[in-house]
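There are 4 protein chains.
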Amino acid sequence: MLKGIVPPLITPLKDRDTLDVGGLERLIERLIAGGVAGLFILGTTGEGPSLSYRLRRELIDHTCKMAAGRVPVLVGITDTSFTESVNLAKYAAAAGAAYVVLAPPYYFPAAPPEMLEYVQDLVAEMPLPLFLYNMPGLTKVSFEIDLVRRAVDMPGICGVKDSSCDMIYFHRLIEVAKQRPDWSILVGPEELTAEAVLLGGHGGINGGANLNPKLYVEMYHAAAAQDLKRTRELHAQVMQLAGSIYTVGRHKSAIIKGIKCGLSLLGVCEDHMAEPFHRFRDPERLQIREALQSLGLLD
Amino acid sequence: MLKGIVPPLITPLKDRDTLDVGGLERLIERLIAGGVAGLFILGTTGEGPSLSYRLRRELIDHTCKMAAGRVPVLVGITDTSFTESVNLAKYAAAAGAAYVVLAPPYYFPAAPPEMLEYVQDLVAEMPLPLFLYNMPGLTKVSFEIDLVRRAVDMPGICGVKDSSCDMIYFHRLIEVAKQRPDWSILVGPEELTAEAVLLGGHGGINGGANLNPKLYVEMYHAAAAQDLKRTRELHAQVMQLAGSIYTVGRHKSAIIKGIKCGLSLLGVCEDHMAEPFHRFRDPERLQIREALQSLGLLD
Amino acid sequence: MLKGIVPPLITPLKDRDTLDVGGLERLIERLIAGGVAGLFILGTTGEGPSLSYRLRRELIDHTCKMAAGRVPVLVGITDTSFTESVNLAKYAAAAGAAYVVLAPPYYFPAAPPEMLEYVQDLVAEMPLPLFLYNMPGLTKVSFEIDLVRRAVDMPGICGVKDSSCDMIYFHRLIEVAKQRPDWSILVGPEELTAEAVLLGGHGGINGGANLNPKLYVEMYHAAAAQDLKRTRELHAQVMQLAGSIYTVGRHKSAIIKGIKCGLSLLGVCEDHMAEPFHRFRDPERLQIREALQSLGLLD
Amino acid sequence: MLKGIVPPLITPLKDRDTLDVGGLERLIERLIAGGVAGLFILGTTGEGPSLSYRLRRELIDHTCKMAAGRVPVLVGITDTSFTESVNLAKYAAAAGAAYVVLAPPYYFPAAPPEMLEYVQDLVAEMPLPLFLYNMPGLTKVSFEIDLVRRAVDMPGICGVKDSSCDMIYFHRLIEVAKQRPDWSILVGPEELTAEAVLLGGHGGINGGANLNPKLYVEMYHAAAAQDLKRTRELHAQVMQLAGSIYTVGRHKSAIIKGIKCGLSLLGVCEDHMAEPFHRFRDPERLQIREALQSLGLLD
Chain A
11 MLKGIVPPLI
21 TPLKDRDTLD
31 VGGLERLIER
41 LIAGGVAGLF
51 ILGTTGEGPS
61 LSYRLRRELI
71 DHTCKMAAGR
81 VPVLVGITDT
91 SFTESVNLAK
101 YAAAAGAAYV
111 VLAPPYYFPA
121 APPEMLEYVQ
131 DLVAEMPLPL
141 FLYNMPGLTK
151 VSFEIDLVRR
161 AVDMPGICGV
171 KDSSCDMIYF
181 HRLIEVAKQR
191 PDWSILVGPE
201 ELTAEAVLLG
211 GHGGINGGAN
221 LNPKLYVEMY
231 HAAAAQDLKR
241 TRELHAQVMQ
251 LAGSIYTVGR
261 HKSAIIKGIK
271 CGLSLLGVCE
281 DHMAEPFHRF
291 RDPERLQIRE
301 ALQSLGLLD
Chain B
11 MLKGIVPPLI
21 TPLKDRDTLD
31 VGGLERLIER
41 LIAGGVAGLF
51 ILGTTGEGPS
61 LSYRLRRELI
71 DHTCKMAAGR
81 VPVLVGITDT
91 SFTESVNLAK
101 YAAAAGAAYV
111 VLAPPYYFPA
121 APPEMLEYVQ
131 DLVAEMPLPL
141 FLYNMPGLTK
151 VSFEIDLVRR
161 AVDMPGICGV
171 KDSSCDMIYF
181 HRLIEVAKQR
191 PDWSILVGPE
201 ELTAEAVLLG
211 GHGGINGGAN
221 LNPKLYVEMY
231 HAAAAQDLKR
241 TRELHAQVMQ
251 LAGSIYTVGR
261 HKSAIIKGIK
271 CGLSLLGVCE
281 DHMAEPFHRF
291 RDPERLQIRE
301 ALQSLGLLD
Chain C
11 MLKGIVPPLI
21 TPLKDRDTLD
31 VGGLERLIER
41 LIAGGVAGLF
51 ILGTTGEGPS
61 LSYRLRRELI
71 DHTCKMAAGR
81 VPVLVGITDT
91 SFTESVNLAK
101 YAAAAGAAYV
111 VLAPPYYFPA
121 APPEMLEYVQ
131 DLVAEMPLPL
141 FLYNMPGLTK
151 VSFEIDLVRR
161 AVDMPGICGV
171 KDSSCDMIYF
181 HRLIEVAKQR
191 PDWSILVGPE
201 ELTAEAVLLG
211 GHGGINGGAN
221 LNPKLYVEMY
231 HAAAAQDLKR
241 TRELHAQVMQ
251 LAGSIYTVGR
261 HKSAIIKGIK
271 CGLSLLGVCE
281 DHMAEPFHRF
291 RDPERLQIRE
301 ALQSLGLLD
Chain D
11 MLKGIVPPLI
21 TPLKDRDTLD
31 VGGLERLIER
41 LIAGGVAGLF
51 ILGTTGEGPS
61 LSYRLRRELI
71 DHTCKMAAGR
81 VPVLVGITDT
91 SFTESVNLAK
101 YAAAAGAAYV
111 VLAPPYYFPA
121 APPEMLEYVQ
131 DLVAEMPLPL
141 FLYNMPGLTK
151 VSFEIDLVRR
161 AVDMPGICGV
171 KDSSCDMIYF
181 HRLIEVAKQR
191 PDWSILVGPE
201 ELTAEAVLLG
211 GHGGINGGAN
221 LNPKLYVEMY
231 HAAAAQDLKR
241 TRELHAQVMQ
251 LAGSIYTVGR
261 HKSAIIKGIK
271 CGLSLLGVCE
281 DHMAEPFHRF
291 RDPERLQIRE
301 ALQSLGLLD
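Protein chains in written order, with our numbering: chain A, 11 to 309; chain B, 11 to 309; chain C, 11 to 309; chain D, 11 to 309.
No wet-lab data here; the hints were simulated from the structure. Any given hint might turn out to be false.
Remember, identical chains collapse to one label, so a pair may be satisfied in a single copy or spanning two.
Unchecked claim - Here are the computed lysine to aspartate or glutamate pairs in the EDC-like style, where the Cα-Cα straight-line distance is at most 20 angstroms:
(1) Lys-24 x Glu-127
(2) Lys-150 x Asp-176
(3) Lys-262 x Glu-127
(4) Lys-262 x Asp-176
Keep in mind it's a predicted model, so treat the numbers as computed, not measured.
Could you build all of it, start to finish, from the sequences and the hints given here?
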């Protein structure tokens with residue numbers, strides 16, 4: 011059962027369709043050294059849906075090889091095409107990944123009974139345990155709590171990652187998961203990991219851990235140990251990181267751009283973005299540099 | 011320059027990932043016999059984003075071969091991955107398609123300046139003239155009018171298909187298109203084709219034309235000829251078809267399910283749906299049968 | 011039965027809670043001279059929900075007196091409080107108004123069965139014929155077509171004003187209204203009045219008619235006479251007015267601010283706005299001046 | 011400075027426009043006996059926007075008299091009319107209320123600079139300290155964090171009630187409030203009060219406290235005392251109450267209907283609802299009865 015901080019890796023790119031393999035290796039070593047509990051690739055932070063299938067497979071191969079069994083690899087298989095999701099899951103299993111992660115198909119919004127049928131059909135084809143990934147801000151629809159209640163009876167499902175920002179929903183997940191002690195309930199937005207773990211959650215899939223894995227891992231351990239004072243101190247630091255790195259520019263893409271730009275400034279990897287985005291230009295890059303300095307991550 | 015009714019073909023399926031080739035052939039013959047001005051595959055009605063890439067390529071091949079130059083083939087290349095859109099466009103060009111059609115990437119919502127850069131980058135890679143396809147209900151973001159004004163300067167763009175249901179936007183498109191007499195401005199929802207053409211639009215990409223191509227083609231010609239009386243009569247028939255076929259069941263998928271079920275009852279092709287949807291069961295099928303009878307399309 | 015252009019009057023204000031009585035009189039005379047079919051006060055363009063009840067009553071009194079039976083007065087009674095809607099309707103009836111106009115209560119979104127019960131209860135208390143006013147952009151919920159179908163059986167209802175911008179909905183209204191030949195189906199956004207009337211609607215409640223009533227009245231008559239060529243010419247002029255006056259500034263309040271500013275420049279009335287809005291400052295005022303000059307409304 | 015549980019009182023009604031005065035008295039005594047820190051009337055749970063102004067004033071009078079200085083009274087003055095908000099605030103001050111509470115005007119969505127100007131203008135007219143009430147689900151717009159940062163410089167503002175369900179926003183409020191140690195930051199949804207207080211918030215304005223004030227007060231004290239184990243136990247009970255009482259029926263009005271129905275079953279007051287809502291009928295009432303029995307609130 012997965013517990014702790016599982017960073018959603020950004021995808022280091024040299025160009026629109028070229029993986030920055032050296033950057034990926036440095037990023038993975040940095041994260042494992044920081045104490046993370048797993049590596050999640052091809053999620054939202056990883057710009058999964060923006061990458062070609064060829065590049066997705068290349069990324070799976072490299073990541074599984076580099077992780078080398080030290081921590082489990084989770085692979086995002088979210089797709090609007092059922093068949094492509096299955097193909098990717100099979101590829102991930104063959105490459106040595108441990109889990110697959112699935113958000114709802116994001117072109118057509120499936121109604122609740124349609125979504126249930128979809129999940130049942132898909133789970134039947136999965137070679138690996140599956141996390142449901144709730145991300146209504148981007149997929150338009152949720153895995154509703156009633157669906158999650160039905161998922162309790164599906165052995166192929168092993169937990170939920172919730173990026174809805176809706177902590178009422180998250181607390182309902184915790185309730186449902188009492189029937190499946192093998193399930194992990196993980197939270198997406200890092201600003202919510204403290205309370206998620208204090209009140210019964212199992213960890214966080216937090217983008218900022220790309221930049222500062224130790225901070226997030228330490229906050230997780232403080233919260234899991236019910237050390238409220240220390241959790242609050244570290245939560246304030248996480249809020250400071252998010253408040254300074256994710257607010258550069260006015261677009262929603264600022265989070266991923268900010269993390270990639272920061273990693274570039276830290277010398278970890280290149281900051282090329284997949285279309286429809288482009289990396290920060292100089293003025294924004296300067297703001298990220300100053301933010302990293304304020305956070306004590308850069309001299 | 012494209013004018014008239016271009017049906018967005020449903021994709022006849024035998025199974026989740028198996029094309030109903032015979033059904034496709036019957037559908038195409040039926041549409042061409044009905045007088046359509048082109049064939050648009052891999053759009054929303056065609057469940058494009060739900061199909062595997064292998065099947066998309068197979069569909070492109072068969073459609074171009076079956077059309078055999080009698081009418082132009084338009085191929086949807088909408089994708090969240092820039093590289094896959096380019097791949098598909100190149101495949102379509104090689105197979106003999108005449109145009110490609112692109113809605114915004116639909117996972118990450120690009121802000122207006124990001125979208126402009128994306129369109130500029132993509133058009134530069136296109137081997138065929140490109141239609142912008144405005145579909146905010148499913149892609150979350152629009153091709154805003156300011157972007158369309160910029161697109162006037164891009165020779166690779168040849169028009170806009172608007173499925174926003176926002177006729178104010180459509181009238182602004184018509185204004186902008188005055189600077190590009192080679193552009194076609196086509197409307198998506200068939201309930202709006204009459205007014206779109208009466209007030210300066212060039213045609214419709216209307217799902218119901220799968221079922222009754224002659225009705226839509228005749229309405230287009232009446233409106234283009236400014237025959238208001240006849241246009242109103244035919245518009246009332248289109249409203250009746252949409253009102254009876256698209257309102258079975260409560261989910262948004264009812265439109266595509268209804269058209270496919272109807273074509274199955276008419277003996278044209280199978281009505282299998284791609285996930286996350288499934289075809290109508292018997293009670294809904296009975297309602298569609300009765301609707302087709304009321305419409306005089308079935309005895 | 012009401013047919014033609016019924017302008018939704020802006021409310022001329024001298025201050026937050028002070029009516030510009032002279033301005034109101036000049037506005038009303040201008041509109042009646044322009045050939046309008048009625049005067050609608052306390053609608054969205056009239057900032058109805060932003061005004062104190064005292065001022066709403068004062069406005070009703072003055073308008074009914076100034077109209078003096080030359081054209082009917084329609085009074086907006088939309089409110090989140092049922093009792094206040096009823097109070098206002100009774101006040102309007104006593105003052106000599108001809109109709110009341112009701113959008114859904116706009117704080118709590120009523121579900122369809124709740125809305126039906128609300129409408130039934132309210133109609134039972136109405137001293138005047140009631141127009142349903144569909145305005146989902148501001149009230150969050152619609153009067154759904156199924157509710158309108160039920161309203162056919164309510165003698166107290168006399169029509170629908172639709173400001174949804176959804177012409178599919180509008181065409182369904184026209185269908186339903188065939189059962190009630192006494193109903194008027196009027197459209198809100200002026201960019202849609204041409205097609206609304208060409209395809210069976212009865213007129214428009216168009217904000218721009220405050221500025222140029224003759225243009226809108228002439229367009230209505232051309233469309234009602236099925237003179238398509240002339241309708242298109244006048245529609246292009248309406249598009250030009252809306253495109254230049256309503257697009258100053260980036261906020262949604264630009265439409266009302268633009269109309270009020272324009273009327274102030276034309277010497278009709280003051281342009282004070284009710285909170286939460288404030289009138290345009292000098293740079294925007296200059297843009298409106300130039301727009302009015304381009305439109306030929308100001309030297 | 012206000013800390014603890016401040017229930018948003020439902021408004022006991024005998025009829026659409028008739029206060030259930032005896033019920034109000036029993037409710038207030040029950041809440042004060044339960045240890046609440048204040049009484050908030052005319053909020054969302056109180057159906058404030060649905061009540062006539064006459065009834066709102068009557069409710070203010072009775073509540074202030076019945077509270078008799080034992081706990082402070084907070085009065086909702088949210089309105090689409092600036093003048094009516096000011097009138098209500100003055101009335102509340104004269105009647106002996108301690109605070110007023112303001113959500114954004116909810117018909118026209120004010121853009122951020124418009125909202126700032128509105129808040130500045132309104133605060134200047136306030137006779138009592140003002141809470142900002144963030145409720146975007148019903149008002150369409152938020153008091154954005156940038157506005158709250160500006161509000162730090164307005165002495166007339168004394169805190170924020172946040173009902174957005176967005177705990178990231180809530181944590182930003184806590185950060186901002188460090189500059190104003192006199193501010194109270196209170197959370198709306200009761201499912202979030204535990205974490206809100208554990209991580210620095212000052213209490214909750216929780217609808218369920220109408221039914222079981224002791225539970226919410228005890229949870230607040232456990233969280234304020236940083237007793238995590240006890241907080242979790244009580245949070246689970248709150249989740250159970252919310253999960254069983256607020257989920258009867260499918261409409262969003264289920265929360266208020268459920269609380270009122272429960273209070274009626276407990277013999278506290280009548281359960282009449284203001285339009286556009288109506289009280290639960292027998293089948294729903296039976297479900298509420300069973301829920302209260304499971305919760306141990308009814309034999």
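Hint by hint, here is what the structure shows:
1. Lys-24 x Glu-127: Between. Shortest inter-copy distance 19 angstroms satisfies the 20 angstroms Cα cut-off; intra-copy 40 angstroms does not.
2. Lys-150 x Asp-176: For Lys-150 and Asp-176, both the intra-copy (14 angstroms) and inter-copy (17 angstroms) Cα distances are at most 20 angstroms.
3. Lys-262 x Glu-127: between (32 angstroms within a copy, 16 angstroms between copies)
4. Lys-262 x Asp-176: Intra 18 angstroms, inter 16 angstroms, cutoff 20 angstroms: intra and inter.
Going through the hint list in order, the structure satisfies each hint without exception.
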